[in-house]
Structures are given as C-alpha cells and as structure tokens.
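Asker: Protein sequences appear in the order of chains L and A.
In terms of our numbering, the numbers along the first sequence are unbroken and rise by one, the last being 562.
In terms of our numbering, the numbers along the second sequence are unbroken and rise by one, the last being 289.
Just so you know, the hints here were simulated from the structure itself, not pulled from any lab data.
Incorrect hints may have been included.
To be verified - Computed list of lysine-lysine pairs in DSS-like fashion (alpha-carbon distance at most 27 Å, straight line):
1. L:LYS189 x A:LYS(-1)
2. A:LYS175 x L:LYS23
3. L:LYS137 x A:LYS175
4. A:LYS245 x L:LYS375
5. L:LYS21 x A:LYS(-1)
6. A:LYS175 x L:LYS189
7. L:LYS474 x A:LYS212
8. L:LYS105 x A:LYS(-1)
9. A:LYS212 x L:LYS243
10. L:LYS140 x A:LYS245
11. L:LYS108 x A:LYS245
12. A:LYS122 x L:LYS421
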Amino acid sequence: MHGRLKIKTTAEQAAEKEKEREEKRKVYLGGLNKVFSKRSSETYDEEGLKITAQLLTANPDAATLWNFRREILLNMKGEDEEAWTKLLMGELTMVEHCLMKNPKSYGAWHHRCWTMKTFPTPPWAAELDLCNKYLKLDERNFHCWDYRRFITAGSEKRPEDELKISKELIERNMSNYSAWHYRSKLLPLVCPPLPNTPHPVPVDVLIKELKTVVEAVFTDPSDQSPWFFLRWLINREEKSPRLLKIGLIENEKNNFVCTYSQKVCQGYAPTITVNDEEQMNLLWFSPNGETYSNVWATKLVLPANESTKIEILRNSSDRKTIIIPAGATHLVEWVTGLEVGGEELSDLTRSTLEEVKENCVTLDELDPDNKWVLLTLVDILWALDARNYLEKIKQYLAQLQSLDPLRSSYYSDMKSKLAMETTIAHERGAAESGVVFKLSESNLTRITSSHLLACYTMVDLSSNRLTSIKPLSNLLACKELILNNNNIYDLSALSGLSALEKLHLANNWLCCQDQLKCLQGLTALVYLDISSNPVCEVAGTEAALSEILPSVQTLKVT
Amino acid sequence: MSDKCGSGEYKFLRKRHIKFLQRCLQVIPFSVVNFDTSRMTVLFFTLSGLDLLDALDELGENERKNIIDWIYSLQIIPLKSSVTDNEGKGGFRGGSSLASCRSSEEYLENIDSFDCGHITMTYTALASLLILGDDLSRINKKSILAHVAALQCQDGSFFSTLGGSENDMRFMYCAATICYILQDFSAINVDLATKYILNSMSYECALGQGIYLEAHGGSSYCAIATLQLMGKLESALSHSQRHRLIRWLVNRQSEGGGLQGRPNKPPDTCYTFWIGASLEGKSYPRIKGSLTVAVLEEPKLKSGFYALA
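Sequences and hints are given; from them, build the entire structure.
Answerer: Printed below as a string of structure tokens:
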C-alpha cells in the first residue's frame, strides 16, 4: 500500500499475472463460502482452521475471520492441557506466517496477544526473542513495541529492568527514536515526580537524564529524538490554574473581570464580596460564550460615589482584596506572577538550565547552522529570562528562519509570541499598567496571550502582519482598537466587544460587505475607519455601514 | 478548477485522477484483496476524491442511486426474531463477502447471530451517504448509536466490532464522527474518551494509538479531530501542550516538502492529510507552500490518486 511503486509489465506478463490472480480469486471466494457455511452450521474443525489460515494470510485485516478462528479454537479445547498447549503453539506459528507477510497487521498482532493470554502457561521468554527479531527488521514497528510491552507486563518484568534495557538500546544507537520514547514512558513510572512540581521527573533524575541526552546530542546533533526528549525534560508545566489578574472595567454588560493562567470552566469563578456582603447569583460570562476560557466576567453593582472594598475568595486561605476609590470606573490588579506555577526558577533548576545552555553554545560552535541547537537555545533562554535575553533570542529566531525556511512562518509566530510576552511583562512593572497596550510595527504574525489584555482600554496592534484576530474577542474593556495596516479580513472576533467606541481598520484585506456585518452588535461604536480596504471600491459600502451602525458619527470609507 | 494547473514543471492531472477514481467505483484489483472486507472505506475515499475534484456531478442520477442503495444494503437491521437494538449489533458492514445480506431467509437467520457492524464501515458509510446528498432517512439511528456505545472499552477507547478486535485511536475517531453526524454524543462516555486521548500523549505532546505507544501522524489526527468533534479541544490541552504539539507537527515536514508520520521516517503522501488536517484543526495552517510541490513531485502519483496507490 504505502510506498509501493507501480511497475509496467508487458502484455505477456500481464496475461500470466491475470491467470494467477484468477486462480487466487477462485480459492479466496471458495474459501469464504466454506467458512460461512461452517460457521452457520457451527462446525468447528481442522478444515476450518486450515481455510481461515489461508484466507488470513491473504487478508490479515479481516476481523471476522480472526473471530471465527478463535471460536473454532475455543470449541476444540478439550480436557487435555498438553494437546491444548500444542494447538496454541500452532497458532503462534500461524500468526508468524501472517506477520512475515505483513509485520504491521493489527489483526495478526492482536491474535497473538489473545493466544498468549489463552495459554495455561504462556511461553513469555521465546516471545521476547520474537520481538527482538522483528525490531531488528524494523526498529520503528510500533505494533512490535506494543507487543513487547505486553510481554514484559505479562512476564512481570520490573519497569526498572526495562529502564536499564532502554538505556542500553539508546547507548547502542543514539538514533533509536523508539528507545527514547520507551524511556520517556518508563521514567515517570519508576521515578514519579512530586505532586505540583513542574517537571515530568524529580529534579535529581532530571539532572542525570540531561547528562545522557547531552551526550546523545553531541554524538549526533542532527537527530531529532534526543532534542525532543531534552525539551520534555526541561519543560515546566503548570499543574493547576491560577487567578492572575482582576479588574473593574467600563463595560455596561460585565464590569468585573477575572483572568486565569489556563482555560477554566465557569465553576472556577470565585466568590465575591462587596463591602463584606457576599454577592449572590452572579452570572459569569466568557468572551464568545465558550465553556472554557482564560477570561471570565460578571456584573457587580457597586455603590456610587463611595470607596468600595471588593474581596475575591477562592477559599479561606486564598483571598485578594482591592479597594476601589470613590468614582473610579477602571482599576486593575495583578494577583500573582506570570511565572509558571507562580514561582521563580529554583537555584537548582536555574543552574541546570545554565549548564545545558553552555553545552548548546559549545555545540553551536562545533556544528554551526544546526537548527535543533538554535531552537533549544531559544527555549532555554526564554525559560531563563525572556526579557533580558530578548535580542539574543530574536537573533537565533532570525537565523532559524533562514536555516529552516520550511518552518519560517512558525518561527515568525514564535517571534510574535516573544514580543507579546515580553511587552506584557514589561507593562506589568509599568506605573500606569492596564490602560494602553501598544505593539505596532513589530512584524507580528500572530496574537498570543490576549487574555492578559482583557482589561486594557486601548490596544494598538497597527502596522503588523496580522491575518487572524480571533484572540481579540478577549478585549472586554477595550474602547479604542487600532488595527490599521495589517492583513485582516475576518472581523467576527470583534462582534462581542460591547465597550468598543473607536475602531481603526484602515489598509487591511476587507473585501466584501458581508465581512462587515458582524460589526452590527457594536452599539457603543462612534468612530470607524475602514479606508484603503478593497471593500471601499464596492458600491454601496458606506450606505450599508450607516444602516448597520447608525450610531457611528465618524465613518471613513475611502 | 482547471484540468491542468500549477506553475513550472508541476501539473496537476485532474482528469486522470477523476478517471482513476471512477474506475475504482466499478472494480478494485485483486492485488488489493485485503480491502475486500472494507470496501466501504474504499468507496468513501473514492467519493471524497471525486468531491474534492468537483467531479461528483459526473456521476449520473442512476449511478448515484445505485451507490446509495448499495450502502444501505450493508446496514444491519436487527431481524424481528432477534433481540432488541440494545445488543449493539447495528451499524454497517464493510462489504458483502462476509455478510448475510445476500441469499435466502434461512441463511439470514443463521448468520444473524454473527453479523455485526464495524465502526469504521459505519463512519465511512454515513460520510459517503452525506457526500452523495442523501438525507440519512433510512438510517436506524438508535441501532447505530447502540453499536457505538457497545464498543467503548473501560479505558475509554473503542473496539471496531462486537466480535472482538484491537482497540485504539482509529476507532475512537470513527466513534466521534458517527456521533457528530448523528448529532448525539449520549452514546459514548466523552470524559473517558478524553482521558484515553490524554493518556496517549507522548513526551513530544503528540499522540500515539494508545498509552505507551509512539506518537504518530495518523493517531494524532484522530485524537485532535475527536477532541474537536466532542468540543473538548480547548479544555483538554494546556497552552504548553498545544505549543509542543504544534512544534512536533510542523517538524514532520522534511526537506523535499513532503510530510512524514513520525520523526526519522520517510515522507508519505497520506500524511499530507493526517498532519495537514491536524494543523488546520488547531488553526495553524503553516505548511501549505512547499507541500504542494512535494505532493506533485511524488513519482508514484503518475498513475492515479495518491491515497489509494
């Protein structure tokens, strides 16, 4: 099927082949008919085994034929354990005939598992040899790897021993991708991490494994497997979502926003007290009505012209208090840090990452223009301190774009992510945070971390290379949105931004009036600029817009 | 779409592909006898191909009706004498060779107890009917959903058929598409299915056929599509997992532009779909340009449609 070349034959060869196929066809169809009549008459005999064997060797993916074969065998099982064992050994031989023809047949491997489970005393040891034989033929045969795992579980081998074997396999051939994979599954079994720690294994194990991986990448820096393994080891994963930011915003529908570090469901929303009075029956909304969202908003009724105390409670030990001065309509506060899990890197983790970084820098000198080295350096520097290493990371990403042009857009998106994250982190420290966010003329191809922009009243992403603005549905507080000079054609994400008063979309890719219809819900909109878009050349655009947006006072359509 | 399009040396031979697909509708060669029991899937690929090439209209009314009738003939309708739908024997067969849909009433009664649907054939049958514009009015929805429900395992994955088979991500995808088409997910335990998918995630954050198995382009597509269809894609994967999965997917494109199913393996045209569709599903269409060249350069394509070669 896959990877088979078609070869043209002469007329003579073709005729001979046709005769051969006709014979095979007769045997096959005849066989099927016989199988059917045996099954319906509940005849379970040697002949049935013989015919199903023939048919299955030709078509090992016919589940029904395997099922019938299993029925025959079960019916032939007598009191004599020796005879039964002999019969099952015959099965193993039969399956091997099928495997020799097609070592990737799901049906054949499945039947082998069934046979092994049916033995009174399964011959596990010999099966390990079979695995090794087939893995030698194709070390990437995942059916065989799965079967190997079945054998080791059945023969009650300890995962610690298999872990040793995986290391031997890796040391024998550093390119053994499947061995790395096997190791990645065994490690967390043998050395599970402590709960709520960010790495997949405990730190002492991490450091030891890194040594093996670094050795592997120095041996063959162009092989992907150890690089993905390295990334897996050093990746820090936040185990539970955290409340990052809360804010009072000027939005008539929903004036109080909670921003989380991960997408959460509505049940995550906290209890809120206003001047120590618990707010009952609060309705929480997510942008676009999604079930899972980083951003949840509700409507709080606050006393006018009075300083107000608002308390956010997750549980008795997890509370945050903010004081809204009298008359204030916009107040935003960070609850925790942006670091993974809210924690800075530990000294040990930091020094471990630094060491890997040094190794990569050396490797870069020895093997310049190796994309995996550069990509790993990007990951490490980003994890260590994206803001301080910003220029270096940008330099590596630019190098990657020219070295690995197939993924140039992907690296472009990484640059955008870097720009957004570092700008947001910078803003966090700024005096007047949470009001204006500007990231224009930055070659942005993708918007990320938009949930952290939920409380900004003005967002300027002009003069970039944006096509999709889907993440902007999070801009619940936005009154002025500047998107001039981009490549935008789909405005549906903006349809729920009820606080939006001014929208700048000059010089984009808006081509037809249909694309403007979703702006209809923007009841607060007073200013709209869609000049220098192809849709401006379409007759009746200005009239159409006036109709759907009657409250707009300034409309730029040329 | 024009008959020949493309720039430079690369031409897309639309008419040749259509001809090949039309031929497949009539007969498949004995060299692919292992597809005999899964003719429904061959039909689905053929019809999808014709549809993508805007050539479905070339099928006459009669032929369209015949195909639809053939598909329905493979639906298992529980006989009056047999037990209720809840036994889970409904669904569609892959073809008529192992089926009770030919022959006498007497024959039928004997076969009935062994006759049961195959989840992949059910999915491809429904999809084929939709492609042909059928309104699914002859579908026994209750029976099909019972068939899907009966095939879910304790770990959340699915078998292919009641008689027994292996269970993995392929059949998970089939189950999800069936429920999506019939607009009814009550038959399956969605949370358990999601758990199985997450348990099948590798260290690269891509997805294998099952727990402990290597990440693979085909199973990654099946998993991502299943999550999407069940409405769980946004919640199931963390930011980090999403990013790492995307990195794995975009790195499946090798030098010539073609896509591989796993690292360090040669590219194969089928992964154009598995990997390409996974990225589309995650709103990340980042590989289009050079992909076209790679697919068109593939030597074995000269004789016909890629997926079936």
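Asker: Taking the hints in turn, state whether each one holds.
Answerer: Going down the list of hints, with the structure as the test:
| no. | hint | in the structure |
| --- | --- | --- |
| 1 | L:LYS189 x A:LYS(-1) | violated (47 Å) |
| 2 | A:LYS175 x L:LYS23 | violated (52 Å) |
| 3 | L:LYS137 x A:LYS175 | violated (34 Å) |
| 4 | A:LYS245 x L:LYS375 | holds (18 Å) |
| 5 | L:LYS21 x A:LYS(-1) | holds (24 Å) |
| 6 | A:LYS175 x L:LYS189 | holds (17 Å) |
| 7 | L:LYS474 x A:LYS212 | holds (18 Å) |
| 8 | L:LYS105 x A:LYS(-1) | violated (32 Å) |
| 9 | A:LYS212 x L:LYS243 | holds (18 Å) |
| 10 | L:LYS140 x A:LYS245 | holds (16 Å) |
| 11 | L:LYS108 x A:LYS245 | holds (15 Å) |
| 12 | A:LYS122 x L:LYS421 | violated (48 Å) |
The structure fails to meet hints 1, 2, 3, 8, 12 from the earlier list, while all remaining hints are met.
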